[in-house]
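Protein chains: 2
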Amino acid sequence: MPVPTFDPLSLAAPAALRGLAPYPFPMPGPIINFRGGVPDPVTFPLRDLADAAQRVLRDDPTALQYGYTSAYQRLSDYLISRYARDDGRTLNPDQISINAGAGQAIALACTAFVAPGDAVILEAPTFAWALRIWKMHDAHTTGIPVDGDGLQTDALETKLRQLRSEGRPIKLLYTVPSFHNPTGAVLSAGRRRRLLALAAEYGFLILEDNTYREFRFEGDLPPSLFAQDAGGRVVSIGTFSKIIAPGVRIGWAAGHPDVVRALAAVRGDLGASPWMAGVVADYASSGKLDAHIRDIVPLYHAKRDRIVASLSERCAPYLRWRTPPGGFFIWVTIADGIDPTKLAAAAELEGISYSAGHLYMADASARNTFRLSYSHLSLAEIDRGIAALGRALARCAP
Amino acid sequence: MPVPTFDPLSLAAPAALRGLAPYPFPMPGPIINFRGGVPDPVTFPLRDLADAAQRVLRDDPTALQYGYTSAYQRLSDYLISRYARDDGRTLNPDQISINAGAGQAIALACTAFVAPGDAVILEAPTFAWALRIWKMHDAHTTGIPVDGDGLQTDALETKLRQLRSEGRPIKLLYTVPSFHNPTGAVLSAGRRRRLLALAAEYGFLILEDNTYREFRFEGDLPPSLFAQDAGGRVVSIGTFSKIIAPGVRIGWAAGHPDVVRALAAVRGDLGASPWMAGVVADYASSGKLDAHIRDIVPLYHAKRDRIVASLSERCAPYLRWRTPPGGFFIWVTIADGIDPTKLAAAAELEGISYSAGHLYMADASARNTFRLSYSHLSLAEIDRGIAALGRALARCAP
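Here the protein sequences line up with chains A and B, keeping their order.
Position one of the first sequence corresponds to residue 9 (this note's numbering), numbered consecutively onward.
Position one of the second sequence corresponds to residue 9 (this note's numbering), numbered consecutively onward.
It cannot be assumed that every hint is accurate.
Same chains, same label: a pair holds when it works inside one copy or across any pair of copies.
Claimed, not checked - Using 25 Å as the maximum straight-line C-alpha spacing, the simulated SDA-like pairs for lysine to any residue come out as follows: (1) Lys350 with Thr150; (2) Lys167 with Asp15; (3) Lys143 with His309; (4) Lys350 with Ala299; (5) Lys167 with Ala21; (6) Lys350 with Leu171; (7) Lys350 with Gly227; (8) Lys350 with Asp313; (9) Lys350 with Pro30; (10) Lys167 with Phe14; (11) Lys296 with Pro69; (12) Lys143 with Ala123; (13) Lys350 with Arg55; (14) Lys143 with Gly75; (15) Lys350 with Phe225; (16) Lys350 with Pro306; (17) Lys143 with Ala92; (18) Lys296 with Ala205; (19) Lys143 with Arg97; (20) Lys350 with Asp228; (21) Lys167 with Ala354; (22) Lys350 with Ala136; (23) Lys167 with Arg328; (24) Lys167 with Ala208.
In case anyone wonders, no lab produced these hints; they're calculated from the structure.
In this text the structure is predicted, and so the values were computed from the model without any measurement.
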């Protein structure tokens, strides 16, 4: 008797079917890849991390055990000191959640607070991974436009009023207020205050993703939302993926103790690696992390300057953009008359790749935009890549 | 105006509310703790792992980057060679999922395949973490009794027939067939064949958790379910948590390529640490892991012998148990006439702690049982702990 054909996807839950397209990590290859929020590997403090890995196991073998080990405590202590310094807040250990990067914190918050159909407010555009998570959970997603001062809070209030009148539970707002992914915008001080007031009025949590906060090239950053949060409505999300390296897979969330309990309640793993938590704590609390950040920010600043100069020189007639005051990305709008699909194909032929703007939109709109990530490319690659983009644009221009 | 009191749990999704009780990791303290599926920290290959951590970063800085790096490929290659050797199966890389331990694989499988109300079949008793995951997802859980030959397949068939007649989708069966958690039982060869036939007949996936497979003290193990799976219905789950150390947080799942795609589709993180994957691959593929397993199994064997001898000497009138042929646990039934709640209190007063049996049951039954984990205790602690248990039993006996 032949084995009957078996189709595992016939058993799949809706969440799996919604997520089947793989997340597009940039892959090595001959093309110049402007995709991905990926740090430059030349910044990775390889020797310091390797030394820390040795030191942690020598001093604390429980870093290889299950549970809330002293390695977690060391990292938690470090994060508490960092919040005191950066946000003027005094936190307790039960306000800290240690996770596999910012991505996992977003997913845990979604599972913990969002039932299918609950409203989640996003920036439009927003972080593609976050969008993937909300869609996987069948959240009712709404995008609020972002301009040079970040999330448009007037449009937000209009939308909140509408959602309330529809009787839909408004659970979360997800924002990257400082060097926004993908536009690079900084949410202004006034809009930060307005957003906090709206959260209190409409009763939702704010997930403040500070992944790019340290990558400031010019201008001042207003106080974080978390710094100004008197009511416990802000969850502050951070990660070591960009300021140390993604491969340690350590990030965190900080907030109300009951929020942290809820995040723990829905974990599918048994915690992040305590060894890696210990490595990060050892490296960061030695003062090396702060020095490292001071060293690497100018590198990204130079890349930002180079891509803006290149775009101005090669692409100005065909594209519009705002110069981001920090972060990893530049968001561009394609001139009328150029077909975005044809442009993407022409760019591939010229040997470059970028992320189409609709991937960052809850409603898959904004077809005439795309994101350029300059963070992981060398200055020479940026020059060659933008020159190639200029050729592709010229070929597609009417 | 005073800040209004804010209750984040008023916003929580049902999954978070179901999971609020923290998972009971054994905590260090003065008591002798028979809880937890925890390896003995004296077995951790600290120096070899620290060396591997250095070597990986020296040879492969992309182990600190995002994405499907060469570190993952090395681990995937190692696992493929292991499956060829142990299960006689030739796998492709798209049949391997790398995860944060076995626990995450179980959670991913649940999210990928189980919608609320779908039937999940469990052993009764079963792994408490798995039970927590199914309950969090609001699965319809059914426990099938386990005896000395493992899962009772006759009882399973009766239950499957009933679930089918109720029209309930039967999605998954979760089993620990080799040195079962918590009873130590081995599923017999005949029952393995029967289980595979029932999976094909009733159309469900089998999650085969092989976490304790290497900890064999005596007797032969029948071929794994995965080794005998012609139809792609078995997902083989493994972990390095017990054979290397939990703190690396690396486990895996192997199965049908579409199952692996579905697991990837529902990930909330962006993958396990490639650095840790590289460390495990470096250590394991050098041959050191096999030698390590040969070294550590006799240690656990001696602990098993010691706890059985101690129980026979101190507790025989009050408890019944089967001697487990492998694994980390012994499952005991309390004699009639002894109140389980009073016994637990008396045991705490005597300075020991164990896990109540109902924590392992989908229906929270089996109040007259408990699990003793001997894996992380020294022989002297086992002796002192079981002597204390004997005193507690004597005090509670009628």
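Here's how the hints hold up against the structure:
no., hint, result
1, Lys350 with Thr150, "neither (29 Å within a copy, 55 Å between copies)"
2, Lys167 with Asp15, "between (42 Å within a copy, 24 Å between copies)"
3, Lys143 with His309, "neither (34 Å within a copy, 49 Å between copies)"
4, Lys350 with Ala299, "neither (45 Å within a copy, 58 Å between copies)"
5, Lys167 with Ala21, "between (31 Å within a copy, 22 Å between copies)"
6, Lys350 with Leu171, "neither (38 Å within a copy, 53 Å between copies)"
7, Lys350 with Gly227, "neither (37 Å within a copy, 66 Å between copies)"
8, Lys350 with Asp313, "neither (28 Å within a copy, 72 Å between copies)"
9, Lys350 with Pro30, "within (24 Å within a copy, 53 Å between copies)"
10, Lys167 with Phe14, "between (46 Å within a copy, 23 Å between copies)"
11, Lys296 with Pro69, "both (23 Å within a copy, 19 Å between copies)"
12, Lys143 with Ala123, "both (12 Å within a copy, 16 Å between copies)"
13, Lys350 with Arg55, "neither (45 Å within a copy, 56 Å between copies)"
14, Lys143 with Gly75, "between (32 Å within a copy, 21 Å between copies)"
15, Lys350 with Phe225, "neither (34 Å within a copy, 65 Å between copies)"
16, Lys350 with Pro306, "neither (35 Å within a copy, 66 Å between copies)"
17, Lys143 with Ala92, "neither (35 Å within a copy, 38 Å between copies)"
18, Lys296 with Ala205, "neither (38 Å within a copy, 59 Å between copies)"
19, Lys143 with Arg97, "neither (33 Å within a copy, 36 Å between copies)"
20, Lys350 with Asp228, "neither (39 Å within a copy, 63 Å between copies)"
21, Lys167 with Ala354, "neither (38 Å within a copy, 59 Å between copies)"
22, Lys350 with Ala136, "within (23 Å within a copy, 54 Å between copies)"
23, Lys167 with Arg328, "neither (28 Å within a copy, 64 Å between copies)"
24, Lys167 with Ala208, "within (15 Å within a copy, 50 Å between copies)"
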